[in-house]
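> These protein sequence lines are chains A and B, in that order. Counted from 1, the first sequence has number 129 at position 129 by the numbering used here; the numbering is strictly sequential. Counted from 1, the second sequence has number 51 at position 51 by the numbering used here; the numbering is strictly sequential.
These are computed hints drawn from the structure, not numbers from a lab. Worth double-checking, as some hints may not be accurate.
As the list claims (entries may be wrong) - Restricting the straight-line Cα-Cα distance to at most 30 angstroms, the calculated cross-link-like pairs of lysine-lysine (DSBU-like) are: (1) Lys85/B / Lys195/B; (2) Lys100/A / Lys121/B; (3) Lys118/B / Lys278/A; (4) Lys22/B / Lys184/A; (5) Lys64/B / Lys276/A; (6) Lys118/B / Lys161/A; (7) Lys115/B / Lys278/A; (8) Lys115/B / Lys184/A; (9) Lys276/A / Lys145/B; (10) Lys118/B / Lys64/B; (11) Lys145/B / Lys66/B; (12) Lys115/B / Lys195/B; (13) Lys139/B / Lys278/A; (14) Lys110/B / Lys278/A; (15) Lys145/B / Lys271/A; (16) Lys144/B / Lys278/A; (17) Lys121/B / Lys85/B; (18) Lys110/B / Lys184/A; (19) Lys145/B / Lys184/A; (20) Lys195/B / Lys276/A; (21) Lys110/B / Lys161/A; (22) Lys232/B / Lys123/B; (23) Lys22/B / Lys118/B; (24) Lys276/A / Lys139/B; (25) Lys161/A / Lys278/A.
Spelled out, the chains give:
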Amino acid sequence: MDVHIKYRIGKSGVFQVVVAVLAFACVVPLMFILFYILKAGITKINWNFLTNLPKPVGETGGGIANALIGTIMLVLTASAFAIPVGILCGIYLSENRKSKLAYWSRLCIDILQGVPSIVIGIVAYFWLVKPLGAFSALSGSAALAIMMLPTIVSSTEETLKLLPDTLREAAFALGMPFHRVILKVIIPCGFSGILSGVMLAVARVSGETAPLLFTAFGNPYLSTNILKPMQSLPLLIFNYATSPYNDWHDLAWGASCILLIWVLLLNIFTKLVTRKWKVQL
Amino acid sequence: MEGTIVKSVDYNAYFGDNHVVKNVNIDIPRNNVIAVMGPSGCGKTTFLRGINRMHELIPGATSKGKILLNNEDVFDMHPIFVRLKIGMVFQRPNPFPNLSIYDNVIAGYKLNGIKLPKAEKDKIVEHSLTRVALWNEVKDSLTKKGSFLSGGQQQRLCIARAVAMEPEVLLFDEPTSALDPISTSTVEELFHELKKNYTLIIVTHNMQQAARVSDKTAFFYMGELVEYDETKQMFTNPTDIRTQNYITGRFS
């Protein structure tokens with residue numbers, strides 16, 4: 001065989017190996033994190049851990065019930081703001097691709113995506129904490145909601161843009177008014193994409209710490225009042241992991257493990273759901 | 001009910017500054033099949049979409065003049081009402097992918113929020129699917145998704161969906177251009193059946209199809225209605241030189 005061709009076959013082989021090795025290299029950090037956190041945290045998790053409040057220093061045991069409930073409430077409140085606004089904004093952007101407003105809001109969304117979370121926290125601090133005069137879960141939720149927006153808006157927009165125009169036309173030609181075209185045809189057909197954007201946004205903000213530092217603030221006790229400071233998993237991890245006490249370190253490991261499992265489950269669930277509800281165009 | 005059902009009076013359509021349909025005057029008689037033919041970009045589809053006010057949905061699209069449906073200007077009616085009276089079938093089959101075959105047929109009712117008793121819905125579905133010669137093929141799989149059907153079946157499903165609304169006029173925008181020859185002939189046979197109850201306006205760039213299926217033919221060229229006559233007359237003895245050139249294939 002021609003030497004030149006052999007050389008090229010060899011080069012192609014090397015290239016394939018390099019690509020495969022680098023692909024594997026992407027998996028390594030995640031596997032490492034998973035292994036490390038599961039190993040350190042899984043033994044700490046039991047029923048008491050999930051249902052008890054943290055104990056003062058010196059007492060053994062104690063759990064993270066306040067942080068679990070706090071995280072759930074913070075994320076739910078944030079979702080209540082961000083999901084409707086994000087989806088509607090995404091619909092507007094996909095329906096009015098060329099308008100001035102669409103151009104500017106798309107630009108803002110893109111920039112918002114890149115704004116550091118701590119900055120969003122500061123904004124929430126000045127907008128809500130200062131005027132209300134106290135740290136509150138509400139201000140934390142507002143910061144989280146702002147962080148969720150870009151993901152929801154752009155995934156909604158991208159999903160709906162992929163729907164063929166013929167679908168809209170079919171609906172309009174049947175005499176359907178605009179709002180019904182959107183609600184009954186466009187959203188159902190793009191549902192899986194929109195839902196996956198929402199879930200990814202939820203997964204992302206579940207672990208956000210920085211914007212909560214001076215908004216939700218944290219709370220060693222169980223609180224369900226959104227106008228009062230509230231504990232959350234990332235805050236608990238931050239506070240306890242940086243503390244000098246071993247008992248608190250254990251709590252932080254357990255909480256990390258819970259958070260990790262929660263984010264993993266959300267991601268897996270998203271994949272399953274999008275596959276199941278995907279509309280075959 | 002003889003006589004004119006759709007009539008355009010000095011109808012002009014634009015995309016921005018681009019004048020795509022120029023001063024079209026045409027009388028369309030009830031229960032006829034009208035073929036609209038012409039080379040690509042001659043404005044035939046734009047004209048068709050003007051009739052049920054689909055043209056104006058495109059950003060930047062405007063129009064002037066009148067389109068009369070039963071002597072009433074469609075531009076004085078609400079577009080939703082116009083589109084209920086004038087159904088449309090598109091170039092590519094576009095059943096709603098999230099709906100079953102059954103729901104696709106009654107989509108016009110279901111998605112518009114019109115509640116019907118189950119018996120009536122069943123009747124409409126069977127009746128409409130029978131009209132488009134699809135009932136026997138799908139009656140056992142009505143709960144399957146519409147996108148599960150073949151291209152030709154999907155197109156007939158889309159016709160059934162339009163027929164289910166009991167419109168007066170049905171517009172077809174190159175309805176067979178995405179179909180294979182067998183499906184095409186099935187759809188063409190349908191036209192003969194459908195014209196008993198509806199008036200059909202069919203845009204086609206296929207001259208043979210125009211000759212096969214239509215009673216009257218309109219020839220568009222560069223946005224103008226060049227000639228409009230009985231199909232037979234048009235294909236055997238056209239009066240305008242441009243029609244003659246087009247039919248004999250001197251330009252396309």
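> Work down the list of hints and note, for each, if the structure agrees.
Results for each hint:
| no. | hint | verdict |
| --- | --- | --- |
| 1 | Lys85/B / Lys195/B | holds (15 angstroms) |
| 2 | Lys100/A / Lys121/B | violated (44 angstroms) |
| 3 | Lys118/B / Lys278/A | holds (28 angstroms) |
| 4 | Lys22/B / Lys184/A | violated (37 angstroms) |
| 5 | Lys64/B / Lys276/A | violated (48 angstroms) |
| 6 | Lys118/B / Lys161/A | violated (35 angstroms) |
| 7 | Lys115/B / Lys278/A | holds (27 angstroms) |
| 8 | Lys115/B / Lys184/A | holds (15 angstroms) |
| 9 | Lys276/A / Lys145/B | holds (14 angstroms) |
| 10 | Lys118/B / Lys64/B | violated (43 angstroms) |
| 11 | Lys145/B / Lys66/B | violated (40 angstroms) |
| 12 | Lys115/B / Lys195/B | holds (29 angstroms) |
| 13 | Lys139/B / Lys278/A | holds (25 angstroms) |
| 14 | Lys110/B / Lys278/A | holds (22 angstroms) |
| 15 | Lys145/B / Lys271/A | holds (22 angstroms) |
| 16 | Lys144/B / Lys278/A | holds (15 angstroms) |
| 17 | Lys121/B / Lys85/B | holds (19 angstroms) |
| 18 | Lys110/B / Lys184/A | holds (9 angstroms) |
| 19 | Lys145/B / Lys184/A | holds (16 angstroms) |
| 20 | Lys195/B / Lys276/A | violated (42 angstroms) |
| 21 | Lys110/B / Lys161/A | holds (24 angstroms) |
| 22 | Lys232/B / Lys123/B | violated (38 angstroms) |
| 23 | Lys22/B / Lys118/B | violated (47 angstroms) |
| 24 | Lys276/A / Lys139/B | holds (26 angstroms) |
| 25 | Lys161/A / Lys278/A | holds (15 angstroms) |
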